[in-house]
Amino acid sequence: MGTLGTFDSFTTARLGIYAAQHGIKVTGNNISNINTAGYTRQRIDQVSFKTGVYDRYHSMMDNHIGSGALVTGISQIRDPYLDIRYRCTSTDTSYYDSKLAGLQEIASILDEVGKGVTDGDNMSKGDGLLYAQLQKLSEQLRAFSADPTTANDTLVRKAAESLTSLFNKYADRLEKLRQDYEEDFNNNVTAVNKILTNIRDLNKSIRECEINGDNALEMRDERNRQIDDLAQYMSIKVQYSMEDVGAGVMVEKLTILMGDSNPDPAVETDSSMLVDGLYCTQLSVPKEKPVVNPFKNIAAADKAEDYPDYPDFAFDKYEPFKDYLFLSKVTQDQLTNNYPAGATFVQLFEADGTTPIKDADGNDLYLVGTNDPTAAGIITEENDNYTVQLSKLLDTHNEEWKSSETTWTQLAPGAGGSQVSQKAVYQYQIGTDGSWAEDGTDTFQIGNQVYTVGKDLPLAAAKDPVQLAAFIAAELNKDPARTADYAITSNGDNIVFTAKKAGAVGPAGTDPKGNPINQGPDAAPTLTLTPNAGKLTMGTQTNPTAGQDSIPPTTGVAPDNLPAAGTVTDPATGTEIATAYREVNGAWYQITIETKHTREVALDDNDLHGELQAQRELLTGEGEFASAHDVAIDENAAIERGIPYYQKSFDLLAQKFAEAYNQLNQGYMLNQDGNYVDKDGNEILLDGKPVNKYEPLTPEQKAALTANPPDYCQTDKDGNVILDEDGNPVPDLDAWLDAYSKLAGGPVKMGGPLFSNRNDGDNTSGITASNISVSHSWTHGAVNLIPKYEVLFKGDVPNTTQNTNADHMVTMIDKALTYNPQDLAGSDAIGPLLFEGSFNDMFSNLMGVQASDASMTNVKLVTSATTLVELDSAREGVSGVDLNDEAMNMMQYQKAYSAACRLMTVIDEALDRLINNTGVVGR
Amino acid sequence: MIRVTTGGVLKSYRSNLMNSFISMNRALDTVLSQRNFNSYAEDPAAAAKAFRLRKSRMTVDSQHDICNDTLKKYQAGFSCLQSIDEVLDTQGAIDGSFMNTLHGATLTWLNDPTGDAREQLTKALDQMSESLIQTMNQKYGDNFIFAGADGHNVPFKIENNKLYYRGVPVDASVPKLMPDNDTPIETADGSSYVLADAEKIAVPQFEEDPNNAGNPLTVNDGTTAFYVNKGAVSIDAAEFGNLSAEAQAEYTEIPGANAGDPSTYYKTSELTSEADHQKLLDGVLKDAGGDPITTTVDGQEYYISNDESGLISKDDYDTACCDVEKLKYLADEKYFVDIGLGFQEDDNGKLIESSGFNAALNGINFLGYGLDADGDPKNLYSLVQKMKEVSDSVSADDEWDKATYDEFDRLVKKFETGCSNFKTEFTNMAAGTDKLEINEKLLYDNFYSLQEQYAELEDVDMVDSITSFIWAEYCYNAALKVGNNVLSESLMDYLT
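Chains as they are written, first to last, in this note's numbering: chain A, 1 to 923; chain B, 1001 to 1496.
The set of hints was computed from the structure by calculation and includes no laboratory data. In this text, a Cβ means the ideal position worked out from N, Cα and C, and glycines have one as well. A couple of the hints might just be wrong.
[What the hints assert, rightly or not] Here are the simulated BS3-like pairs of lysine-lysine, each with C-alpha atoms no more than 30 Å apart in a straight line: (1) Lys679/A to Lys1435/B; (2) Lys1314/B to Lys136/A; (3) Lys136/A to Lys176/A; (4) Lys169/A to Lys125/A; (5) Lys749/A to Lys1334/B; (6) Lys1435/B to Lys815/A; (7) Lys158/A to Lys1139/B; (8) Lys1049/B to Lys656/A; (9) Lys1314/B to Lys679/A; (10) Lys1139/B to Lys693/A; (11) Lys656/A to Lys25/A.
[Stated by the list, open to error] From chain A, some residues computed to sit far from chain B (all C-beta separations above 10 Å): (12) Asp8; (13) Ile84; (14) Gly126; (15) Ala132; (16) Asn193; (17) Gly248; (18) Lys423; (19) Thr528; (20) Thr595; (21) Ala707; (22) Asp716; (23) Ser844; (24) Ala887; (25) Ser898.
One chain only, chain A, in its complex shape:
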C-alpha cells in the first residue's frame, strides 16, 4: 500500500508488541525448562507481515511498506541426524553395558583372582577357592598315597566335601543369576511395552493437537525422550511422514521400525513395525513358541538328507515317517490339540523298547510326522531361547490395524477357457397383404386381445408391415407377463424378443459337474396372432442368437493359471487375498481384495540389539554347547557365550571329575601280576589266557570278546558298534568284566562310587555341578578310597600301604582330559572340542573365556560410551537451552517490545498532530 493508512500503523506497532511478547514468553519457557529432561529449546517462527492489496490507482513509486511482524508458530530446534546417531550409539552402548554387567556378574561367581583364605599366611591368599580346593584335594590324595590309612581317607573325603560344596555353590549362584536375568529380561520387556504404549498414546495426542493447530511441542519432547529410552533396549529406526487427515489438513505421522540389525540379509523380521502412528505392537516372551513348518515350500521329492541341519529329521530311523517331510517330538496333549488330522505318530521308547521316553514334565513323547508340506506352524515348543514375539499392531482400543485394496482385472476374452454369456433373441417377421377393409370391420387378435383395423390402428398402418410390427410390439409391451423375461421391440417388420437375463433358455439347474446351467429365461417367448393368413401373417419364429450360459474362467490351468475363487491367507504375512470372478457386460473380471493385517512376528535370534539382546544372549548363549537346532535358529549360536555356557561348562567339569574318580575307585581284584582274579585268587581267563589290567588284550582275546556284536563291543551314542582302523569291533572289556562279575567264578568287584548326584544316595547318573556330592556310601564308610586293587598271592601276603590306585588318583588331578561338549549328559551339542587339560586348567580356562569376553566387551563399551557422550553433547548443543542465549533473547525481545510501544506513541502523536493540530492556522 503506497499510501499510509490512518490506523494501520497502529497494527504494525501492535504486531510488534505481540511478537516481542511471544518472544519473551518463549524465552521464559526455555529458561524455566533448562533443567527439564528431554526439553528441546523453542523459538518463535516470525515473519514479516505485508498486506497484499493492490492500490486503487497505479503508482509509479515503489514505496510499499510491510505491516509489521507476525508470529506464525513456535518450533523446536532439533537435528534429526544427531537423533539417529545418538540412538544408534545408545543401542550399542546399552548392549555392551548390559553384556558387560552380565559378564561381571558371572565373574563375581567364577573369577577367583584375589580370592582365597589366608590360612594365617599370605601365601595362599589369592590361590582361589575352587581352584585351590582342587589342589587341596590333590595334596590330601598325595598324603593318602604315601600312607593309605583311614585317617587320610577321611581327610581326602573332607577335602572332596569342600570341593563339591564349592561346585554346588557356584552352580547355584549361576542358576540364581540366570533366574535373576530372566526376571530382569521380562521386566525390561514390560518396560519396552510401556514405552511403546506411551509413544502410541503420545502420537494420538499429538495428532489431535496438530489437527487443532497446536504443535504439541512438550508432548514431542516427551515422545523423543521415550524414543531415546526405547533405543537403549533395542535397535530402532524412526521415520516421520505426513498423513492426510482430510480437508487438506496434513499432520505428522511417526513410525518406528526395528533397526534392521540382523546381519543376515535374508531376515526381514528385523525391520518389523513397532509403532505406526496410532498403532503399536507389544512384545512378549511366551513360554512356548509356535514352530513354523520350515519346509512349507519344499518340493515333494525332497528327502531328509536335504535338510541335514534340522535335528528333528530322523527319517531313516522311524519307518512310519520315511517319506514324511515334517517331524517333531510332541506330547500327547499337543498331539491331541494341535496336530491336524492325517498326521502319523508313534510313541517313543527307550532302547529297551518298553520304557516310554518322557519330557521334563513326565509326559510321554511321540514322534509326529506329516507329509503335507503346506502344513504351517502347528506345534509349539518350549521357548528356551527367549524368542521375542511382536503382537499385531493395535490402537488404543486394541483394534487391529488392517487395510484392504480391491483390484478389478479384466480377463482377456476366452481367458482360462471362459465363456461369456449371451442373451437369447427371438424374432417374428410380421407380414400383411394390405387387403384390410377400409370400413373398419377387419379385426385381428393378439393372444386374446382383439384389435379393429381403422379404429385401434390406422388402416395405413395396418397395411405397412413395419408400422404393424411396431404397433404389435407396443401392445405386447403392455402385458407385464410378457415383459417379465423379455424386452419386446420391433425392428423393421420384425418383432424382437430379447431375453432380459443372459444365459441359455430353459429351466435353471446345474450340470453334473455342479456348474449352473440355463441361467436365462425359463422358456422361449410365445406369440399368437389371428387371423394369421392373408391379411396378417407371422413368419416363423427365428432365433438368430441362442442364449448361452456364462462359464466362469477355468482356474489353475496353464497358461493363465488363474487362482481359484475364494479366500487365501498367507501364513507368513497374514494377508488375506479374496479372489472372485464376475462377468460384467460380456467380459470377465478377476476381482482381488487384498486385506493386509499386521501379524504376530516371532523375531529372529539376532533381530534385537541393545539391552534386550544382551540379556537374551546372556540367557541363551551356549557357545560350544549349542545344538544344531540352536545354530539353525542363530548362526552365531556357537560363539555366543552366556550364562548357560558357563553352567554347562561347569557341569561338564563336575561330571568329568566325578566320572574320573568314580571310575578309579571302582575296579576288580588283581593279583600281584596285575591279572584279574576271582574271589579265590584264581586268574580270570579269556581265550585261555589271563587278562591283565595294564596290558592290551591279545588279538585272540579281542576276537573272543567281540564275537557277538554288540555284546562287549564299544558303541557310540546311537548304539552303533565302534570299529577300529581295521574294521574290527572295539572291545569293551569293562562291560565284560561287569557282566562276568555277576557270575560265580567271575572277577571280584571292589570299591564303590565316591561321588553321586545326591548326598543321600550313590546314584552317579546325571551328575552336574549343582548336585555333585560325596556319595552316601563314602560318607558313611561303606565305601572307602581304594589304595590298590592288588591282592598278593591270594591274600597270603598283606600289602597295607601299597598305593598303586592311590597313585592313579594323584595323577588324575593333573591328567589332561578332553572336554567335549557332546560328553555332557543329555547334550545335543555340535560344537568342537571345548578344552583339553587338567581340572584346574579347565576351570582356569573357564575364567579365561569369561575374562576375554569381558575385556573385549569393556573396550567396545568404552568406545561406544565415549561416542555417546560426544553425541549427547552435540545434541545438547543443538537442542539445549543456554542461559547466555536466552539472556540475549530476553534483552532483544524486551527492547523490541519497548520499541514497538514507542512506535505506537509516535504514531499517536503524529495522528494527534494531524487531527488536532493540523489546519488550524488562522483560526
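With chain A's structure known, arrange chain B on it following the hints.
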C-alpha cells in the same frame, strides 16, 4: 561444535567427573589390594599365568611335604641300618667293643677252641641276631620302616626259631628234585616228589639166564637161591679141588641140575641171594606197576631209597615254590610317591616308574633271603642261628673238633658275605636318602621361586601405584575445583 549450551557443559562435566572418579577409585583399589589386577578380565594372560604358578606352588608344597616325610622315614631307616651295621661291624672293633658285635663274637668263637666263653658267645650271637630283627621292625610314625608296601604290619616275625618276613619264611627255597629226563620223579601215589639228595641205590647187575632170556641167572645150593652177579666166574669141581682149603671156603657149591650132574662153584661174594635182593627192592621206590623206580646218573642206574627224608610232598613243594615267588616279589616290591619327579602314567594307565620315587624299603633286601647253592641261608639272622646251632652241638666242656670248626668257619664266611650284601644295600639306601635330600632342597627352592614369580606378576610396585593414585586424586580434585566454575556467571548476571 558451533554451540555450547549450559546443559551440554554440565553433562560433559558430569561425565568427565565420573571418569575421573572412576580412575581415582581404581587407583585406590590398586593401592589397597596391592595387586596389579583384581579380576581375571583386567589382565587375562597374567591372571592365567599367575594361577598356573600358584598351582605349581601348591603342588610343590604338597610334594615337598611328601618328600620331607619320605626323607625322614629314610633317615629313621638309615639310623636303624647304622645301628645294625654296628651290631654286625665287619670292619673290626674300633672302640674296644669288638666282642659286642656279631662279627667279633664269631671270630672270638673260632679262636676259642677250649670253649671257655663259647656258651656266652653263643648267647650273645642269639641276642644280637634278635636285636637285628628288632631294629628292622622299627617304625617311623605309624608305619614300619622296612615293611615294603605293608607298613601297617610288623614285617619280621620269629616263630619256632624260623624267621618270617610278612608271613613268608625268609629261608624259603625251591627244593631240588631228582629229575628223570628233566621230569621230577614222583612217588607211585603221586603225592610226593623225590628230592635230589634222596638216597640212591645202585641197581645190582646179574648174569642173564641163557635158557630164559631177560631173566637173571638163578642158581641154588640146595637151600638158597642166588642170582649170579654180572661177571661172576664159576669153576668146576676139578678146579675147585685144586684150591686151597681157605680159598675153597670163599666158594659156594651149586649142585648140578640133575642127580649125577657135576657141581659148579661160584665165589660166594659174586652171588646174591634172592632174599637179599628182595630186601633191597623193598627199600626202594616203586612205580604204580610195582616196579622199582630207577634213575641214571653218569650212566649208572640207581634205585631210589623210599626213605621219607628223601621225599617232599607236592603241597610242601608247591608251598616252597610259592614262598620263593613271594620272596622274590617282596624283595622287588615297590610303592611310589610323588616327590615332584613328574609323576605320570603311561598310555595303559601304569605309573611311569621314573616319574615317582619308590619309597618301599624291603627288609629282606637288607638281611638277605633264601638259600645259597650250599643250602645255607642267606639271611643274616638265619645264618647266626645256624652258627648258634653248630655252637650248641659242641658240649661246653669239650673242645670242638675240626669238622665243627670248619663248619662254623664256613658259616662265618657266609655271614661275612651277608654282611657285605647288607653294606651294599645300606649304601644304596644312603644314595636314596641323598636323592631325597637334594630333591627336598630343590623343592624348597622351587617353592619360593614360584612364589616370587607370581608375586612379580600380581603384586604392585607400591611406588608406582601410590604415584598413580596421587595423580588420579590430583586429577579428581582438579575436576572438582573446575566444577565450581562450570556454573559460572552468565549474561544473566549482568542484566540490570
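We went through each hint and held it up to the structure:
1. In summary, the hint linking Lys679/A to Lys1435/B is not supported, as the alpha carbons are separated by about 41 Å, beyond the 30 Å threshold.
2. Distance restraint check for Lys1314/B and Lys136/A: the Cα-Cα separation of roughly 54 Å exceeds the 30 Å cut-off, and the hinted pair is therefore not satisfied.
3. Taking the CA atoms of Lys136/A and Lys176/A, the gap is near 28 Å; set against the 30 Å cutoff, the hint holds.
4. Distance hint between Lys169/A and Lys125/A is fulfilled; the C-alpha atoms sit about 20 Å from each other, no more than 30 Å.
5. Taking the CA atoms of Lys749/A and Lys1334/B, the gap is about 24 Å. The hint holds against a cut of 30 Å.
6. Between Lys1435/B and Lys815/A the alpha-carbon distance is near 26 Å, which keeps this suggested pair within the 30 Å criterion.
7. Our distance criterion of 30 Å between C-alpha atoms is met by Lys158/A and Lys1139/B, whose separation comes to about 27 Å.
8. Distance restraint check for Lys1049/B and Lys656/A: the Cα-Cα separation of roughly 24 Å lies within the 30 Å cut-off, and the hinted pair is therefore satisfied.
9. For the given pair, Lys1314/B sits about 24 Å from Lys679/A by alpha-carbon distance, which is consistent with the 30 Å threshold.
10. Of the pairs offered as hints, the one joining Lys1139/B and Lys693/A is violated, with about 33 Å between alpha carbons and a cut-off of 30 Å exceeded.
11. Between Lys656/A and Lys25/A the alpha-carbon distance is near 75 Å, which puts this suggested pair outside the 30 Å criterion.
12. Against chain B, the non-interface label of Asp8/A holds: every CB pair exceeds 10 Å, the least being about 34 Å.
13. With a minimum CB-CB distance of about 18 Å to chain B, Ile84/A clears the 10 Å threshold, and the non-interface call stands.
14. Listed as outside the interface, Gly126/A is inconsistent with that label: its C-beta sits roughly 7 Å from the nearest C-beta of chain B, within the 10 Å cut-off.
15. For Ala132/A, the requirement that its beta carbon stay farther than 10 Å from each beta carbon of chain B is not met, with the minimum near 7 Å.
16. Consistency note on Asn193/A: stated as away from chain B, and its beta-carbon is indeed over 10 Å from all of that chain's, at 29 Å minimum.
17. In this structure Gly248/A is separated from chain B by more than 10 Å, as the shortest Cβ-Cβ distance comes to about 37 Å.
18. No beta-carbon of chain B is positioned within 10 Å of the beta-carbon of Lys423/A; the least distance is around 79 Å.
19. Interface exclusion of Thr528/A from chain B stands, the closest Cβ pair being 101 Å apart, more than 10 Å.
20. For Thr595/A, the shortest C-beta to C-beta distance to chain B comes to about 49 Å, beyond the 10 Å cut-off, and the non-interface label holds.
21. With a cut of 10 Å on Cβ distances, Ala707/A stays outside the contact zone with chain B, its closest approach being about 24 Å.
22. For Asp716/A, the non-interface assignment is confirmed: its Cβ lies about 22 Å from the closest Cβ of chain B, beyond the 10 Å cut-off.
23. Listed as a non-interface residue, Ser844/A fails to keep its Cβ farther than 10 Å from every Cβ of chain B; the least gap is roughly 5 Å.
24. At roughly 4 Å from the closest C-beta of chain B, the C-beta of Ala887/A falls inside 10 Å, breaking its exclusion from the interface.
25. Remark: the non-interface label on Ser898/A is consistent with the geometry, its nearest Cβ contact in chain B lying 15 Å away (cut-off 10 Å).
Violated hints, in rising order: 1, 2, 10, 11, 14, 15, 23, 24; the structure is consistent with all others.
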